[in-house]
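Asker: Protein chains in written order, with my numbering: chain V, 26 to 289; chain U, 82 to 372; chain A, 131 to 482.
Calculated directly from the structure, the hints in this document are not laboratory data.
Just so it is clear, the structure is predicted and the values come from calculations on it, not from any experiment.
Be aware that one or more of the hints could be misleading.
Below 35 Å or equal to it, Euclidean Cα-Cα: the simulated DSBU-like pairs (lysine-lysine) are [stated by the list, open to error]: (1) V:K104 / U:K247; (2) A:K242 / V:K104; (3) A:K242 / V:K160; (4) V:K261 / V:K34; (5) V:K102 / A:K242; (6) U:K114 / A:K242.
Here is how the chains run, residue by residue.
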Amino acid sequence: MTQATKTQKTILSIDHVTVHFGGLVAISDMTFDVKEGELVSLIGPNGAGKTTAFNVVTGFLRPTQGEVHFRGVSLHKLKPHEVAGVGLVRTFQRTSLFTTNTVFENVLTGLHRHGRATAWSTLLSLPSMRREEAKLSEAVWEILDFIGISHRANELGGSLPYGEQRLLGVAVALAANPTMLLLDEPAAGMNPSETGDFMELLAKIRRRNISILLVEHDMRLVMGVSDRIVVLNYGKIIAYGAPAEIQANPEVIRAYLGHGVKHA
Amino acid sequence: MDQLLQHIANALILGGTYALLGIGLTLILGIMKVVNFTHGELYAFGGFMAYYFVSGLGWNFFLAMGMAIMLGILLGALIERVLLRRMRSADIDSTMVVMIGCWIAMQNIALLVWGGIAKSVPTPFPTDPLVIGPISISWLRVFVLIAALLLILATYLLIHKSPLGKAMRATFQDRVTASLMGININVIYTATFALGSGLAAAAGALLGPVFVVTTTMGNAAALKAFAIVIMGGLGSIQGAAIGGFILAFAEELGSGYISSGYRDAMGFILIILVLMFKPTGLFYARGERIG
Amino acid sequence: MKNLGTIFLLLALLTLPLWVPDQYYLHIVITTGIFIIGAMSLNLLLGYTGQLSLGHIAFFGIGAYTSALTSLGFDIPVFWGDGRIIHEAWHPLIGILLGTFVAGVCGYVVGKLSFKIRGAYFVIVTISFAEVVRLVALNWVDLTQGPMALSNIPPIGYNLPGLGEMVFWAKAPNYYLVLALALIAYVLIRRIVRSRMGRAMIALRENESLATSVGIDVTRYLVFAAVVSAALAGAAGSLYAHYIRIIDPDIFHFIYTVTMVIMVVTGGKGTLAGPIVGGVIFGALPVGLRAVAAPEVQWIVYGIAIILIVFFLPRGIVPTVSDYWHRKTGSAPRHTRAMPLASSKQSPEQAT
């Protein structure tokens with residue numbers, strides 16, 4: 026289920042990123058990139074540094090050394106909320122929703138960047154603001170339909186079954202209009218049937234020209250959707266290439282067998 | 082110069098009791114993460130118990146002091162058991178509001194019981210002060226200083242060297258693991274809050290005879306306690322101890338040399354300054370931040 | 131059905147002085163109303179945006195003092211007696227505007243501060259802020275008269291060609307003034323919380339990282355909430371100053387913040403009706419209790435009432451009742467698809 030990349034243009038580049046926490050080296054000299062339209066997965070045993078890497082790549086953590094560029098813009102020059110503004114949106118593994126809001130409201134909040142209402146137009150309840158709200162509502166339905174959770178629209182985010190909560194997280198991220206999505210273990214807790222549906226959703230997202238970086242444990246998912254895979258162990262990249270290469274790579278096998286293989 | 086030395090002496094004595102107040106609160110606010118609005122009331126309670134046992138029942142002064150502290154510990158345990166246990170899984174706002182309710186009720190019960198007139202606590206010490214060079218300190222204050230330092234030492238030893246202290250530190254670092262290791266979490270929570278409250282009561286019992294005992298004395302004390310805890314860093318006993326002395330110095334020197342009207346403002350100004358420039362406190366204790 | 135209820139309520143409020151002729155009760159209504167405005171404004175910052183601000187009375191008091199001093203005029207020495215700042219008395223309405231503005235500026239400062247200092251630290255800073263303001267009001271006697279109080283504050287009035295002149299000495303016009311401000315506050319807050327801005331505030335309360343990840347500038351909305359909240363409190367304070375016509379530093383006492391917090395939390399923080407319901411209860415309770423018990427007992431009852439409400443109705447009265455009502459009648463608010471508009475059919479990418 027790979028797609029040929031349309032162009033060779035790089036959309037996200039991670040250059041020689043190193044992260045120290047005090048005396049501990051969490052990541053050392055990590056370099057890889059994601060091309061436009063690609064789906065790249067980041068995998069590795071527990072403790073390999075995936076979470077740290079993910080936080081660096083999403084602009085949530087500043088690397089001790091090295092740089093991350095998104096479409097040529099250095100992520101670390103941006104304020105945290107500006108990262109979404111350049112088109113890079115992430116999901117969260119835990120605490121991934123606004124639990125006391127409904128599904129509809131969750132996605133509506135995600136559409137924040139689409140709105141232009143100012144303080145004055147809000148306080149005076151100007152027609153421009155009300156028109157905008159109506160358009161945003163439509164956009165919410167569009168996204169809910171796309172993801173497939175429209176039937177849950179008026180339920181509280183926190184009351185959804187776990188698999189659908191993960192889907193809602195993706196919906197909220199999509200609402201922010203990304204050119205690239207960074208998904209943090211989106212299939213965690215999904216059963217095989219849900220995972221299969223999720224793989225199809227990923228394909229649908231890619232058809233909208235959204236590039237994806239995926240951190241995942243589920244090997245069936247990873248092997249099934251990735252164009253390229255980056256394997257981390259002990260904070261270093263130990264392999265980097267197409268799924269077939271990775272599956273055959275002895276270092277990768279050793280890294281996983283050492284920690285217990287899950288799905289490969 | 083003479084005046085300065087006198088101020089310093091006063092500040093040292095005040096600092097000791099402030100340290101007790103602060104250590105008590107840092108245990109509760111810093112380690113239990115409870116915004117404890119009743120801390121001031123425990124302080125006042127200590128003062129009133131001292132008054133009651135000495136003046137009302139005619140007990141020996143030192144026994145009365147001990148009794149006041151014991152009762153403070155018990156009252157703290159009661160508050161934790163009745164009010165806080167339910168709120169353990171609730172959010173911080175709701176817990177805060179419950180503590181506010183308790184504070185209001187306690188202060189007004191005190192008003193009903195003791196009335197609004199300030200009470201003075203008779204002491205057994207000679208009235209002539211101890212004179213060292215240009216400094217003159219009443220024997221009462223000497224006692225207060227020694228008692229405060231002993232209590233600080235005892236608390237430090239309790240927390241760092243005793244099994245109970247170890248259990249406390251374990252519980253607040255990782256509740257689940259601690260309970261899996263056989264520590265009774267409920268007992269620890271109650272004991273910690275009781276200890277913190279007992280220290281506040283001790284401070285009140287010690288300072289009661291030095292000044293006077295009133296039903297509103299807890300309010301200023303509470304805010305000072307917060308100032309001390311913030312300065313020292315949430316959860317740091319050493320920090321709270323040092324913070325107590327810093328506050329005492331700021332108050333003594335500030336009111337002596339700048340203006341006495343703003344004496345109580347010193348604490349707040351310090352809070353604001355510390356939080357603006359060094360929010361983790363001057364002596365940051367690892368891993369004990371709120372929010 | 132809902133509209134009928136609202137109309138009835140409005141009519142009742144508009145005609146209130148007619149059916150509450152007793153001046154003492156009218157006074158209670160006015161002061162409670164002022165506190166309700168304070169509670170509504172606190173709710174915006176505490177309830178919707180989730181900031182534990184416990185210095186709210188400072189904004190109220192700053193508004194009161196600013197308005198009073200503006201309309202009284204003052205003459206104070208500065209630079210250790212070398213200079214003087216003299217201000218001539220201005221019309222009370224200007225005082226109110228200035229009071230609102232100055233309070234709003236303080237809200238801006240607090241909002242910016244709260245971004246660096248979160249959670250329980252922020253609680254303590256806000257309390258300290260209010261206490262410092264109180265001590266300044268108490269000690270800067272040249273400006274504020276300290277404990278001797280600012281008195282003879284002129285009541286509000288107007289002098290317009292065509293409408294004539296009127297000065298609001300009596301209670302009834304002051305009541306309408308308070309009602310007007312309360313309605314304005316309600317409408318403004320309602321518009322904010324039901325808009326994109328409101329969603330951003332709630333998002334920052336519920337899950338700040340998630341909010342940031344979809345592009346919400348958390349600081350900006352926090353500051354906005356703080357400014358509006360403070361300005362409304364300042365406006366309420368200004369009205370209070372011109373109604374009571376005498377204010378002293380006790381107005382900054384922590385107990386008033388506590389009262390507003392109680393109103394918000396017991397009524398239901400993060401709801402529009404919450405602070406109003408809480409305000410009515412804790413405004414009316416003293417009156418009811420006054421007849422039967424000493425003030426200390428009243429406060430003991432409040433303390434216990436607060437604890438009980440948090441224990442048994444943790445979300446507050448309004449959300450609990452409203453949930454119950456919705457479950458009984460199956461009438462929860464629901465989002466539904468609108469009919470396709472003429473200019474619709476846009477995918478998310480195009481709806482920028």
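Asker: Now look at each hint and say whether the structure bears it out.
Answerer: Against the structure, the hints come out as follows:
no.: 1; hint: V:K104 / U:K247; in the structure: violated (42 Å)
no.: 2; hint: A:K242 / V:K104; in the structure: holds (16 Å)
no.: 3; hint: A:K242 / V:K160; in the structure: holds (33 Å)
no.: 4; hint: V:K261 / V:K34; in the structure: holds (25 Å)
no.: 5; hint: V:K102 / A:K242; in the structure: holds (21 Å)
no.: 6; hint: U:K114 / A:K242; in the structure: holds (24 Å)
Against the hints set out earlier in the document, a violation occurs for number 1 only.
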